[in-house]
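In this text, residue positions in the sequence shown follow full-length UniProt numbering: the first is 1, and each later residue adds one.
Please note: incorrect hints may appear among the correct ones.
[What the hints assert, rightly or not] With a Cα cut of at most 30 Å, we get these calculated DSSO-like pairs of lysine-lysine:
1) Lys167 - Lys186
2) Lys28 - Lys138
3) Lys199 - Lys211
4) Lys186 - Lys199
5) Lys234 - Lys250
[Unchecked claim] Here are the simulated distance ranges between beta carbons:
6) Leu146 - Thr46: 35 to 41 Å
7) Val137 - Ala25: 17 to 23 Å
8) Arg38 - Ser168: 56 to 62 Å
9) Gln255 - Val228: 39 to 45 Å
10) Ala193 - Arg233: 54 to 60 Å
If you are wondering where the hints come from, they were derived from the structure by calculation, not from laboratory data. Yeah, the Cβ is synthetic: ideal placement off N, Cα and C, and Gly gets one too.
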Amino acid sequence: MKMLGCSRATAQQEIGDTFAERAEAYYKRRPQLLSLLRDLYNSYLTLSDRYIQTVAKTQHHRPPSSQISVIDNDYYDYDDQEEEEDDAYTSHIDSDVESSLSYQQLPPTLLLAASVATQHDETMLFDLDSIVTEIVVKNVEYDILLDEANMTERRYKDASRKIELQKSLLEVLESERLILLNENAKLGYKVGALVEENKALASESLFIRRKAGELARCLLKTREDQRVCMLSRKIEDLQGQIYGLEKRNKDYYEQLVKRDQRSFQLVQEEEESCNINKSKINGNQVNLEVCFQIRKINRRLIKRGNSNGSGKEIGVGKEKKGSSSSLWERVKNMDLFLCGGNQNST
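Start from the sequences and build out the full structure, keeping to the hints where you can.
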């Protein structure tokens, strides 16, 4: 019993507050309790054996070692499997006792004493088992009540904490509501200021649009003025080019006139030389050298005309063509005139 009391004290120290913790601690310490009960049962058996031995010594007989196995199966109602094991163990012990008693022939006095002792031990064990079971039941009920009380206390504490939290939340929400009201008022003032700024910006945007239209018109005018300036400059450049071309045309025309005069002088000189040669030669004969010289002169004139007409303008080219064609016709007539006598002679 002292060992059970000590184990109970240590178990109460190790058991937690909640019912789950207590149940877990109980299931952890269950094998220890079973071992303690088995030790107690074995101690009762040893005591009964000693009692029987003392009775046998008084009667100068040596009785066999009796084994008494009386245990209430209701005490081991914690688990079905352990109950089956304990029942098997007790049945095995009872069978051993019966077999030992059946094979031994004892006197009737010893048998009566043994039966009385066994009955007394059974009654003692039954009383102890009932006491232990009642103690265990009371402890369980006490633990259940403690658990319920703790649960109620915890619920009360949780409820009080929740109430306090809700109160704090209400205070926080109230403060937030006041802050939001102040912010709403500030936002109202800001909205009014923004509306006024929006109106001012709208008027400024209209003014800027007008200015943008005026600037666009100015840009168009400036672009037109730039185009006019560019066109006037191009016209001036073209006029300068025309003036230069006219000067060059005049120069080329003067050069052509000079060349025509030189060619005419050469033709006259050749004609004079031909006339002189004709006077020297008989009337029916014509000098062929004079004809070849005239042809050479004509070729030179044609080459000069082609070289001068390649790099000149249209007006100058037309005048040169007219002058060269006139000279060419003259030379042709002279050639035919000079060569006609020879053909007639032949």
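Checked hints:
1. Lys167 - Lys186: OK: Lys167 and Lys186 at ~29 Å, within 30 Å.
2. Lys28 - Lys138: holds, 20 Å
3. Lys199 - Lys211: Measuring from Cα to Cα gives roughly 18 Å; hence the hint holds.
4. Lys186 - Lys199: holds, 20 Å
5. Lys234 - Lys250: Within the cut-off at roughly 24 Å; holds.
6. Leu146 - Thr46: 35 to 41 Å: Distance hint for Leu146, Thr46 holds at roughly 37 Å.
7. Val137 - Ala25: 17 to 23 Å: holds, 18 Å
8. Arg38 - Ser168: 56 to 62 Å: holds, 57 Å
9. Gln255 - Val228: 39 to 45 Å: holds, 40 Å
10. Ala193 - Arg233: 54 to 60 Å: At roughly 57 Å between Cβ atoms, Arg233 and Ala193 fall inside 54 to 60 Å, so the hint holds.
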